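Here is how the chains run, residue by residue.
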Amino acid sequence: MRKFVLRYLIPRIIQYLTLIFVGITLTYIIPRLAPTNPVEAQVSMMIARGSSLDPDAIEAMRAALTELYGLSGSPVEQYFAFWSRLFRGDLGPSLGNFPTPVSEMIGQALPYTLRLLIPALIISWIFGNFFGALSSYYPENKALNVVEVLGQVVRSIPYYIVAIVLLVVFSYFIPIFPFSGAYPIGTRPDWSSLDFILTYLEHSVLPAATLILVGFGGWFVGMKSLTSNIISEDYVVYAEIVGLKKRNILVQYIMRTAMLPQLTALAMSLGTVFSGALIMEVVFGYPGVGSLAIRAVYSNDYSMIMGITIYSIIGVATAVFLIDLLYPLFDPRVRYQ
Amino acid sequence: MTLLSVRNLRAYYQTEAYGISRTVQAVDGISFDLFPNEIYGVAGESSCGKTTLIKVISGNIKHPLKVLEGSVIYNFNGYQVDMLQISEDELRRNVRWKQISYVMQGSMSVLNPVRKVIKTFEDIVRTHEGITDKKKFLEQTRAHINRLGLPTDVLNAYPHQLSGGMRQRVAIALATVFQPALIIADEPTTALDVVVQRGVLHMIKDIQAMSKNTVLLVTHDMAVHANVTDRMMIMYAGRIAEEAPTESIFNAPLHPYTQHLINSLPMIGEKTTRTSLGGSPPNLANPPGGCRFHPRCPHVMDECRTVVPDLVTVKERHRVACHLFKEDSV
Amino acid sequence: MIFLSYDSPYDPSKSFVVPWDLPPSWEHPFGTTSRGQDLFWWLTFAVRNSLYVGVVTAIISRVISILVGLTAGYRGGWIDRVLMAISDTFVVLPLLPILILLSFLLRESMNLLNLAIILGLFGWSFDARLIRSQVLSLRERSFTRTAVYSGTNSFWITIHEHLPFVLPIVFATTLNNLLWSMGMEVTLSVLGLSDLSTPTLGTALFWANQHGALVAGVWWWITAPALVTAVLFLGLYLLFTSINEYIDPRTRLRLIGG
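Chains as they are written, first to last, in the working numbering: chain A, 1 to 337; chain B, 1001 to 1330; chain C, 2001 to 2258.
No wet-lab data here; the hints were simulated from the structure.
These numbers come from a predicted model, not from an experiment.
A hint or two may mislead.
Unchecked claim - Covered by chain C, per the in silico footprint, the following chain A stretches (three or more residues, Cβ under 8 Å): (1) 20 to 32; (2) 147 to 161; (3) 164 to 170; (4) 263 to 271; (5) 277 to 291; (6) 297 to 310.
All C-beta atoms, glycine included, are put in the ideal place defined by N, C-alpha and C.
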């Protein structure tokens, strides 16, 4: 047990902290490398766009910006101030929706993203791995070969394009699914009404399908190449010589072991998948973090972009850490060293 | 009565990739018999076709391996099996593990790394006999393990927690759950250190003495053959060079290749250096004509370069394939 | 299509040179846009520019990943641990928000080259990891030991003995990286975060979105770039897998059964 803590747990915790540290430090450094003075640029942009803010509000905004960019004091002080604000969960006010706090707006959008992302991720991981292993174990099966070609195609194309293709096909040419949003414009989210939940689900079909399709392709291809290696491992050859049933071999000998590197791969790919989800939201106008981000870009809402970046880093790092913590449950080689 | 008779077996690897086809003549015209209650050895340098021979007789013929010619017939107490004709299903249901079990080369890694050892026993027993009473199964397995001198703890361990020798013993225990008629052991001691080797070999010998079945022991290590086997064959480049009781092989080797193998064994108290044979075993994708040993043979004659020597019986139970020997000439 | 771009009858930076909103026809194979541009010829420039971003990114990230991979793999010890901790971080980090932040701040001075440089600086981590693991396995081989014992200096060993083994991996990852960076370009452009006056696959989609192409019924404006992108990516991907299969001696051996 001590060995486990020393060799497995502590390195993971260190990695978790490094991840957050490097990520946050990057978001701290990047604005400082920008050639223009961000505060004045922001303020003048706001004024130029003819915001009907009174001088007091502009002053407040300037102060907020200086505070937000952490431009008071020496660089070291600024850096510490930056961290201490983070620990308080204070990401400053949104500049596009002044003065609503950034964290509040992200808090509203995040559930939409997660409700879509998490089930899609789990579904695509399970099915992609399952069919990938199947197709590697039964290389002659025609249906599986077709699935493989589809997987290869979808996997190679960027998320954005897959989303557009689905959108064009299923809401423009064959209009079975709604164009955009998570619910019709003008409806208020009402989680107690069945009708609302149904339209919500209907609106989520295409976004979810995009995520699942792309994820499925990736896991399928990955699992297939993993499995084709595992099939020639001694213990699988042995199980075949022993005369075990094919299904038994596939599930207990092949999938069981191939699942482990795929679990690690899941952790490694979370960042990418999350990025993909943001893009997909933009295409479908889905009111999650991705749409929030693009609105922030259009309205020059610097603090919002900053906040989303920081949230994403912490969120992804935590998810990776959780998977790392769960991993030993599945792999006895890590559990008993 | 024979347990297994192999006649004129030819098994090649045939592959084609990027327009280049390649044929490896791994087993080229082999005939031999196995009898009940004996330990039969197969010796020869690496890549001389030993493993391929086992693959064919244990019914694991998979692309790119292909049997071109010959027969492999078993007789398990009256239950006749033609290994080259039997359906995959019948093979799995009636023959595998019940009649023929296998201790694989590199047995160290035959155990599923993410499951406890007992699970592998469970899979095997469930597949071949079914488990109705879990408790009884556990008792029987424990008894089996103890009979072979293994501690009960190994059943609840994961493979990586066991030493190499222990894993090898577990593999042997797995091979003997049903008291099969034939146990094939492919290089069972190769990766082990000498002390552990001894233990594993003893275990194989004890099991054979106990259940009176047949063990086919394949290894390149002549010392193992000398200690364990009753009869043995020497393979060279996909063919049998010599076959005889182990005692005759070691006391009166006939084939120049056998003589070379035995002469290269170190002996206690000896001080001279060993002369080694020039050259290396031929590439089986393009073997030399005539006797495949002729490029390395110290007694090479003209005839050896063109004519393939027959495997002739020179004494009782002693066969050799060499132009130096004709039927009953010794 | 790249070569065709040099022969384009229209200047891509000008708009309203042809009648707008024409559906695909013989004269305008992919139709024309609401901004009065011929979509087919415009896309020839887009493909060229997108590939340019991909190639520059690939070169920059290759240099970094080879340096990091070889150093980490060869030096080992704490240097290895630090470098790998950093590259792991880059693998896991959600790059998109960071890239959005970065491009947002650099929006004024954003052009194709800068975009490619930024992507190159972020796209090296996974490949560095692959190269490192290859070097690690090489380091244990006997020829490295022989070289070390015979007193050859470590730099020489790295360059002469290891690079030849690492190059196939580098090549395989290059195409993968190319796909990644072109995908990122599309993504950032669609968000309006790159130089929007330069035709790329991403900006094509951006303008189509800006003009509400689908709502307005100009479906070809969005479909054509999407299809071109899909075909381009698929082609590159298939090229990548087949080259990979050929380069990797293990798959080749498996095929010949050697």
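Evaluation of the provided hints:
With a cut-off of 8 Å between beta carbons, the segment 20 to 32 of chain A has 6 residues touching chain C; three or more are needed, and the interface restraint holds. Taking a C-beta to C-beta cut-off of 8 Å, the segment 147 to 161 of chain A contributes 9 residues in contact with chain C, enough for the three needed, and the coverage statement holds. Against chain C, the segment 164 to 170 of chain A contributes 4 residues with a C-beta closer than 8 Å to a partner C-beta. That satisfies the three-residue criterion, and the hint holds. Against chain C, the segment 263 to 271 of chain A contributes 4 residues with a C-beta closer than 8 Å to a partner C-beta. That satisfies the three-residue criterion, and the hint holds.
Check result for the segment 277 to 291 of chain A against chain C: holds, 3 residues qualifying (beta carbon to beta carbon below 8 Å, three or more required). Figure legend: the segment 297 to 310 of chain A, annotated as covered by chain C; annotation consistent (7 residues with Cβ-Cβ distances under 8 Å, at least 3 required).
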